[in-house]
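Enquirer: The chain contents come next:
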Amino acid sequence: MFPYISLTEQDEREMLEKIGVESIDDLFRDIPEDVSMNRPLDLPKAKSELEVAAYLRGLAEDNVCPCQMPSFLGAGAYDHYIPSIIKHITGRTEFYTSYTPYQPEVSQGTLQYIFEYQTLITRLTGMEIANASLYDGGSAIGEAALMCVNGNKKKNVVISKTVHPHSRMVARTYLKAQGFDLIEVDMKDGVTDLDALKAAVTEDTGAVVIQSPNFFGFIENLESATEIAHGVKKCDMIASCDPMSLAILKKPGAIGVDVVVGEAQPFGIPVAAGGPYLGYIAVNKKHLRKLPGRIVGQTEDRDGKRSWVLTLSAREQHIRREKATSNICSNQGLNVLAATVYMITMGKKGMREVAEQCTKKAHYCFNELTKSGKFKPFSSAPFFKEFAVVTDKPVEELNNKLKEAGIIGGFGAAKFYEGIGNVMIIAVTEKRTKEEIDKFVKIMEEA
Amino acid sequence: MNTNYDKVIFEVSQPGRVGYKLPDLDVPEAELSDLIPQDLLCDTELDFPEVAEFEVIRHFTNLSNKNYSLDQGIYPLGSCTMKYNPKINEDMASLPGFQNVHPLQAEEDMQGVLRLMYELGDALAIITGMDKPTLQPAAGAHGEYTGILLIKAYHEKRGDTKRDKIIIPDAAHGTNPATAAMAGYKTIELKSTNQGMVDVEALRAAVGDDTAGLMLTNPNTVGMSDENIKLIADIVHEAGGLVYYDGANLNAIMGKARPGDMGFDVVHYNLHKTMSTPHGGGGPGSGAVACKEFLAEFLPVPVVEKKDDGTFYLNYDLPNSIGKVKDFYGHFGILVRAYTYILTMGADGLKRASEVAVLNANYLQALLKDYYKLPLDRITKHEVVFGGLKDPLSEVTTLDIAKRILDKGYHAPTVYFPLIINEAMMVEPTETETKQTLDAFANSLIEIAKEAKENPELLKEAPHNTPVRRPDETKAAKDVIVVYQSTEEE
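Protein sequence lines correspond, in order, to chains A and B.
The numbering of the first sequence is the numbering used here, which starts it at 1 and goes up by one.
The numbering of the second sequence is the numbering used here, which starts it at 1001 and goes up by one.
Just to be clear, a hint being listed does not mean it is correct.
[As the list claims (entries may be wrong)] Dumping the calculated DSSO-like pairs for lysine-lysine here, alpha-carbon to alpha-carbon at most 30 Å:
no.	chain 1	residue 1	chain 2	residue 2
1	A	K18	B	K1450
2	B	K1390	B	K1351
3	A	K45	B	K1460
4	B	K1157	A	K161
FYI, nobody ran anything at the bench for these hints, they're computed from the structure.
Computed from a predicted structure; not experimentally measured.
Pulled out of the complex, with its shape left as it was, chain A reads as follows (with noise of 0.2 Å):
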């Protein structure tokens, strides 16, 4: 018996009999023999709730769990509060157990908060369209770049190494797929090489991919690398940022910027071993009919009355098949739900607020580390709410103290840049206590 299989013997008889079959296995016999399993899957038998829920339980115990310690680690994921309302809300399970609103009268619900959130996201970067989300902030980029090249028909993309690592990776698998190179550019003082920028971006060239705040935290100069990117016709600008920075920074549509992506995890998503984050991407109109995934369009129904539907979905894999801009299928539904209550929940003044107190404790605690001049900044960039030191000890070292102090550290940039020498980037968000910056700081210099 099985908790989630409904049918009784009798059931399964009068079923059976409906049909005009003898038993169940009548109906695979359009299996071949030659493919067919007779002998059960070589895995464990079914368990109950009950012993399910412990073992689970062992393997989340297994895991040095920040719920317990401050963190901070930071590098693309970010230990932000969660407002209690984001849970209910999400819990919902006319929300979570709902699909892809295809019968948009029975799925209003769905759609309406994808058009709030499309909405909220081009208020926040200053641009015109926002879709209903991409999977996260690296596989945007990586369809923004092809979204560029692919309309603009030049070869390449040109990236700055301060993207962060992983975001890359996406994006080359992305391109090269489709034959485009991806260009990578130095940085110098822990952003971009304008110079080197320059000279990277030729004829050639489709699209610009700046990270703002860069992988470091430091803020890139998205205004020249913008004007460097058009100064070649037909290149775009893609600025990838962090979308609390926003509530404080210049928006990018104002410089403008293209293109504007991002991982929205920040707005109160858990940062989960990886996922399921939220990416999002912003374009003006000129883009509209070549943006990846899904749109929430308003119209009427039948009795004039104001509603929603998904729109624009020839580009989309209904139509003309094999010449989609994009495979994209789902959207981020749920975390675009979270997304969405968090922004409206923090509103027009806890946006600001929250991204000026990161903004804050980050730099009192780049200060106070400074202080002694036992680790160097990293740049002398300005910064939001992440940074990096230069250190003399392995950060791993440091790391390990931190641990023994019930705090978990920074993260060690040399893993993904090698012959970076020991440089700790170090995340301090809202959440961080003042107290707890001062032992972080007080055990690093001890360390």
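Once you have looked at the hints, place chain B on chain A.
Expert: The following block gives chain B in isolation, referenced to the frame of chain A:
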């Protein structure tokens, strides 16, 4: 239930309201412009709503009431496998020791996470008869993409670069051709037989030294298991191509047959379908992939590996890897749900799930075939495709029927797919529906068939009692409004 709620949050907003409270700043206060140069800061206020917390709750509760969901009733979307989402899955995914782990913590500090991924990958490979998994892809189509890139990397490593085509049956999922295009391939469409099977002679004519691979789902999109499946794989292999299994229909064959034994080289799973994780209104899903050993060197990095001492680590050292397809390691929260389900069901339960899914589909077919056209009248697998009403006199379309089903309190089946069936209506009940639900659902469809004859207008005008009635999709695509515009400004 308030299904007439008609506000967007921007219309709820009132200047000065807040829905949050943060602790007072406990580090020394500073001017923002002293920390970040003024020219980098935004000089305008963010145009976001201002609402109190309970208004947020009320807004979204009202919106939720306008949704149909699986927990309310049968969701018979063919090809989407909307089975019950067990509640323990949710509890396990939200364990603090999973939800709060940072993906870049030291490997020794996330052994539970890595073990779960390793064991889930193993179980998935066993279910399909494959050797090596990756859990990185974010969705079914993303899994297709990953799988096709493995095939591409294989040919490229062998220097076999003239293989630039992927063969795809006309009955395939819409994402298959799009995936081939995303991976830089041209598509050859293969016509199906009138049984929805691969036309073996047509396949023989299509393959050649330009064939990179074949994408197939079996049972296929009309719910039929292909009797020539091994021969099909052989034909493609003999031509030097590889065979890709679209796992959308895996729910029909667990414990009964395995793609690996049929000759497939790489498969993707829709963990959000087959393994009972919720679809969340469109996602997140997970499109794990598994392949035969000879393709393992191309898997995306990192791969979770087990050391001799029994500990787990993330292996980035795969020189021939296709790279990465997304940041970090995959949709871990979805992986927890899928693994919970697999442990709960076990070998015996997974097999039983497939058996009952198939039984339920055939039962619905038997109940409805006197009223709806059955283009392929034979035993089906987990889903059944009808071709509109049986009565040739009715002017009622499949779309009208779908809209009328909404009035009866059910979600509609998948309509106009697969493309090879005229007026297609694809029903997939899954194993989790009771006989009583199936009887009631079938009775509603039978009623609709009668209404179509007696009062076709009732169907043409349907739905009547849903929150909105047939939104104008043409208008939405023509007068594009994809961000909120205040009506006062107009």
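Enquirer: Taking the hints in turn, state whether each one holds.
Expert: Hints versus structure:
1. A:K18 / B:K1450: holds, 21 Å
2. B:K1390 / B:K1351: Violated: K1390 (chain B) and K1351 (chain B) sit about 34 Å apart, past 30 Å.
3. A:K45 / B:K1460: Answer violated: K45 (chain A) to K1460 (chain B) is near 50 Å, above 30 Å.
4. B:K1157 / A:K161: holds, 27 Å
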